[in-house]
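Asker: Sequence:
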Amino acid sequence: MAQGNNYGQTSNGVADESPNMLVYRKMEDVIARMQDEKNGIPIRTVKSFLSKIPSVFSGSDIVQWLIKNLTIEDPVEALHLGTLMAAHGYFFPISDHVLTLKDDGTFYRFQTPYFWPSNCWEPENTDYAVYLCKRTMQNKARLELADYEAESLARLQRAFARKWEFIFMQAEAQAKVDKKRDKIERKILDSQERAFWDVHRPVPGCVNTTEVDIKKSSRMRNPHKTRKSVYGLQNDIRSHSPTHTPTPETKPPTEDELQQQIKYWQIQLDRHRLKMSKVADSLLSYTEQYVEYDPFLAPPDPSNPWLSDDTTFWELEASKEPSQQRVKRWGFGMDEALKDPVGREQFLKFLESEFSSENLRFWLAVEDLKKRPIREVPSRVQEIWQEFLAPGAPSAINLDSKSYDKTTQNVKEPGRYTFEDAQEHIYKLMKSDSYPRFIRSSAYQELLQAKKKSSVCQFKEIRNYNKEKNNAIRLKTQGGLSSSCKLELPLELSDIV
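With UniProt numbering applied, the sequence shown covers 1 to 497.
For the record, the hints were derived by calculation from the structure and aren't laboratory data. Every residue gets a Cβ at the ideal spot worked out from N, C-alpha and C, and that includes glycine. Just to be clear, a hint being listed does not mean it is correct.
Claimed, not checked - Dumping the calculated DSSO-like pairs for lysine-lysine here, alpha-carbon to alpha-carbon at most 30 Å:
#1 Lys339 <-> Lys328
#2 Lys180 <-> Lys52
#3 Lys180 <-> Lys140
#4 Lys339 <-> Lys278
#5 Lys278 <-> Lys52
To be verified - Label-pair ranges, simulated between beta-carbon atoms:
#6 Ser401 <-> Lys349: 46 to 56 Å
#7 Thr83 <-> Ala32: 11 to 21 Å
#8 Asn39 <-> Glu77: 14 to 24 Å
#9 Ala393 <-> Glu317: 55 to 65 Å
#10 Gln409 <-> Ser319: 33 to 43 Å
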């Protein structure tokens, strides 16, 4: 594949709008700095046995340069960044088809800008067939086809059986041109051409970095991209390439279409939007709030009994008393209190003490309705309606007229989501009124303070008991436990477990 050939590229408009173009530009800026004569990576010619390897550098040189020039502290991060750049074909190993970066003495070579992915190459299967056919004509060990390439060549030969003679002639012409080049130049160009095809026809199991998300490509203004052949070949229908029609001329929008656009942009202007700084602050505060509940960030105390030999966690759970962390989590939001069975129970007790438990009981009944078998749904809908919403209901709830009217219509055709609007309205009422009163109530504060004191003592007592129990079992298995040495469980500990 010579650099003088006409490679198929997309139009400038499509190239500028490519979702990957911004990433390509950033990587190419880094590559340009790598190739700087003063501050770049030193490129050298390595002498091997009876031969020379021109224009190469090692993988460790790339990693060290990235750490030094891009202010990267972690070598793993530098290795990951270099691997991503290698996967896009900006530099490549000279003796491997897998485009990855290794932090060792493996030799790499820069790709010529002509083959960069920012040029929007879209090589066809006929181009790949010419390249593989040309490789078979050159009796060089470094140009020998890999197993997957030989399979691809056989598959392409069957697909293009009618035009294979023409493909073979093109490969012969390319091979003759390559033979006229200087030996070192030919060696470099062969490796760069191989790396180009390793990007666009990667080894099975490797990621194809040239693929574009179909959702992103469908949003482009010009979805009909005109393809040109890499070697000037024209594909027919049997080449398995999609046909492309020219883009139709755009007509000026009508008055109705302009009105629709104006209406759309007015809706967009009225949307509630948050600044990125506010969003970042919200995410940071959420992370800081839940960090002690994340076992990957903070070691759980007591430890996970499935990962350790400590069964303290199970002992605390068997006591049916919520831990201090658990009670504290109820104060993060009403959702935390509702999804915890003990939290729901305590919240319901508080509402019963204020004679306002009907809202929570209605919300729980609707949640239970969503999980019922479909045959039980109609009867359960009527039960909920008679208890909470019907005229003269024993536990009537307070709904606005809009939600009540819509629920009344839904009851005529009962389903799992008949009370969806009413449930949402009641949820907002509890969140703005009942839940804040529960968090400020003396019952919750006393429960929280009591758990702060008791959970530590209870945890220590159970852990000490477990240690004594394990020691006794260990002595018994070793034969050192006499008949008079017995494990006695204190009364208060037996009450706990």
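Asker: Decide, hint by hint, whether the structure agrees.
Answerer: These are the hints, each one checked on the structure:
This hinted pair checks out: Lys339 and Lys328 have alpha carbons roughly 14 Å apart, not beyond 30 Å. A distance of roughly 20 Å separates the Cα atoms of Lys180 and Lys52; the hinted pair therefore holds under the 30 Å criterion. For the proposed pair Lys180 and Lys140, the alpha carbon gap of about 16 Å is at most 30 Å, so the pair holds. Restraint check for Lys339 and Lys278: the C-alpha separation of about 28 Å stays at or below 30 Å, so the hint holds.
Proximity of Lys278 to Lys52 is assessed by CA-CA distance (about 58 Å); at most 30 Å being required, the pair is judged violated. Against the hinted window of 46 to 56 Å, the Cβ-Cβ separation of Ser401 and Lys349 comes to about 32 Å, which falls outside the hint. For Thr83 and Ala32, the Cβ-Cβ distance of about 19 Å falls inside the hinted range of 11 to 21 Å, so the restraint holds. Distance hint for Asn39 and Glu77: a CB-CB separation of about 21 Å, consistent with the stated range 14 to 24 Å.
Distance hint for Ala393 and Glu317: a CB-CB separation of about 38 Å, inconsistent with the stated range 55 to 65 Å. The given range of 33 to 43 Å is broken by Gln409 and Ser319, whose C-beta atoms sit roughly 48 Å from each other.
Violated hints, listed in ascending order, are 5, 6, 9 and 10; each of the other numbered hints is respected by the structure.
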